[in-house]
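Given the sequences, and given the hints that come with them, work out the whole structure.
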Amino acid sequence: MRRVHREKRSESQRRRPNPGTTPLISALSALLSLAIPASLGCERAFGAPPQGTERSALTPPPPLPPPIPPAPAPPEQAASTSSPSPSTSSAPTAPALPETLPLKELTFDVAAPVQGKGGAVTSVESQATRIGAKILEQGGNAMDAAIATALALAVTHPSAGNLGGGGFLLVRKGPVVRAIDFREDAPAGLTEANFLRMLEAGAKTGAAVGVPGTVAGLLLAHEHFGRLPLGRLILLVETLARDGYVLSPRGAQTLVWSRADLLRDPVARRVFFQKDKPLPAGTRIKRPDLALALSRIRTEGKKGFYEGPTARDLVKSLGPDGIMTLEDLARYEARFREPLSFDFRGYRVITMPPPSGGGVVLTQILSMWTAFDPQPDDTQFYHHFAETSRRAQLERLLFVRAPERETPSAIVDLRARWLNPSTWLSSNPIAPDKKTASASLVRPDIDVHEEDHTTHLSVVDAEGMAVSMTVTLSGSYGARVFSRETGIALNNSVASFSLVGKNRPEGGVRTVSSMAPTLIIDDQNTIVLGSPGGDTIPSTVALLVLRLIDRGYDFRTAVSAPRIHQGLFPDGLDIERNRPLPLATQRALVQLGHVIRRERSIQGDANIAAWLRGTCHAISDEREGGLALALP
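In my numbering, the protein residues as written are 1 to 632.
In case anyone wonders, no lab produced these hints; they're calculated from the structure. A portion of the hints provided could be inaccurate.
Derived pair list, reagent style DSSO-like, types lysine-lysine, alpha-carbon separation capped at 27 Å [said to hold, decoys possible]:
{"id": "1", "residue 1": "Lys275", "residue 2": "Lys173"}
{"id": "2", "residue 1": "Lys286", "residue 2": "Lys134"}
{"id": "3", "residue 1": "Lys134", "residue 2": "Lys173"}
{"id": "4", "residue 1": "Lys286", "residue 2": "Lys316"}
{"id": "5", "residue 1": "Lys173", "residue 2": "Lys117"}
{"id": "6", "residue 1": "Lys134", "residue 2": "Lys117"}
{"id": "7", "residue 1": "Lys117", "residue 2": "Lys104"}
{"id": "8", "residue 1": "Lys303", "residue 2": "Lys286"}
{"id": "9", "residue 1": "Lys316", "residue 2": "Lys303"}
{"id": "10", "residue 1": "Lys275", "residue 2": "Lys286"}
All of these numbers come straight from a predicted model, not from anything done at the bench.
Laid out in structure tokens, this is it:
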């Protein structure tokens, strides 16, 4: 059994580039100088410079290889009586990476997160991260570990991890990057009338539940990219559910916050409360009901969730307000999508396309950002960020909806628009000395808002496969409705539709989401990143990208630095109460017209994993704890 390195919680210093070098090139020297055992492996991987010379430049890597056939055959699966044979999927395939000019080499200062040669996993919950690391120890690849971690989060992080919600993922295997959309479908019976009734009930009712996609998405991902038998992955999590997990301090706090709603559900009341008091941190919680649901998936595959007794349990548990039917469940399919891919400062950034509105916002922010100085002072950095975010959020409102609602030619036109914001900037220029009022761009009755109870995980393996996955129940514990027999928390994704703008409620389609799993790549190396946080997700991810590439931050500093979010209405610049911007910067932004808001204690819970020249790195976010593990 290989020993696992645990992340060190030491403070790191921001590293500034030397004059005449790019932030990433200068960061390479800092990476090689880290006084940690894995530095020897890094030295061998990158090559030591000759005695007395300074490493100030790198030979550019060769161009990306030509596209290969985009639909790799499913890997051979070991025979297993506990794992069903995968069914053939009719989902469209996604292309390999397009050819491009030689990309800059990814050489980041990682500032001593965990690292090793055998793979790395990071998530918000330590027990789930350990499950993923155990799968890597057993010979699983990054997709196996990501699937196991996601399933474990359904047990140990039930406010967001799930079987009854949805999500998005990106996977890189060699030169191929593919996106899988397993966002929830709206039930076929959804109408504007029952949508309004659902909103009046506070989105905490069976009417808010969309058709869950997580199980279908994970099974599709395993079919095309898994290595170990599916049954082995599920059995490990099934055992965790049956034997019990330890309630974390953060998990205990979510029970306090959601107490009133959870007490109304008989399953939640039985599982998470004792004499109507939330269970304290450190309590071992056993979930034989979830173990039953997992065992049916293990033995029957997709049918074990979307048909049969589990499906009937889901529909019956919705109560009289429920809209989802057995037919809705039987029709559900996870889908491959073509990722959004673009060059930023010579690096390739790849993110999720619609129905991800978050990927579009991220693409727009970074595309507009190329018009600015890569390293402005702090005031101009945050001013430009607020202004590009405001315009990108508006773009999402006006133009993003489920792809099934668009014609193929419209999708081509929209992608071209999102990757070329010159029209936007010419008609809505960003002034260096004052903010733009949202009301001057759009009428104040439309806005982006989602509940922010998502969770993100990042995984890389020894061969360089990388997975970026974000899953959600929408609200904390979703609709606060749990299936009676199997104890599955059900989402309230239907509440993410809007009566104004493109994302209008319609039966059978997927609502737009801010989730934005993202990769930064060159021809060989990959950085995996993402965050939860509802409508703040693209802001958090964009800040990570900008701080890594433009500001030259190491991984630790990029994740720890203060975050901001600029929405449309209310027209304010949100900062974190627990990690505020420096007062001088706040005052300077106010002088430019920005209204500072402090309604969030924290923003997001980002994490990063990376495969850089054969060494795997990972880091978690101190905001909500979490754990990053790497195998030596």
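Restraint status (C-alpha distance of Lys286 to Lys134 at most 27 Å): With Cα atoms ~21 Å apart, Lys286 and Lys134 stay inside 27 Å; holds.
Given hint Lys286 paired with Lys303 - CA-CA distance at most 27 Å: With a Cα-Cα distance of about 25 Å, the restraint between Lys303 and Lys286 holds, given a limit of 27 Å.
Does the alpha-carbon distance linking Lys117 and Lys104 stay inside the 27 Å limit? OK: Lys117 and Lys104 at ~23 Å, within 27 Å.
Please verify whether Lys173 and Lys117 have alpha carbons no more than 27 Å apart. holds (17 Å)
Is the straight-line distance between the alpha-carbon of Lys275 and that of Lys286 27 Å or less? holds (17 Å)
For the pair we were handed, Lys275 and Lys173, check the Cα-Cα distance against 27 Å. violated (50 Å)
Between the alpha carbons of Lys134 and Lys173, is the straight-line distance 27 Å or under? Holds, because 21 Å separates the two Cα atoms, which is no more than 27 Å.
Check the hint pairing Lys134 with Lys117 against an upper bound of 27 Å on the C-alpha distance. holds (15 Å)
Need the status of pair Lys286, Lys316: alpha-carbon distance at most 27 Å? Holds. Lys286 to Lys316 sits at ~24 Å (cutoff 27 Å).
Do the alpha carbons of Lys316 and Lys303 lie within 27 Å of each other, as the hint requires? Distance ~17 Å between Lys316 and Lys303 Cα, so the pair holds.
The structure does not agree with numbered hint 1 stated previously, though it agrees with all others.
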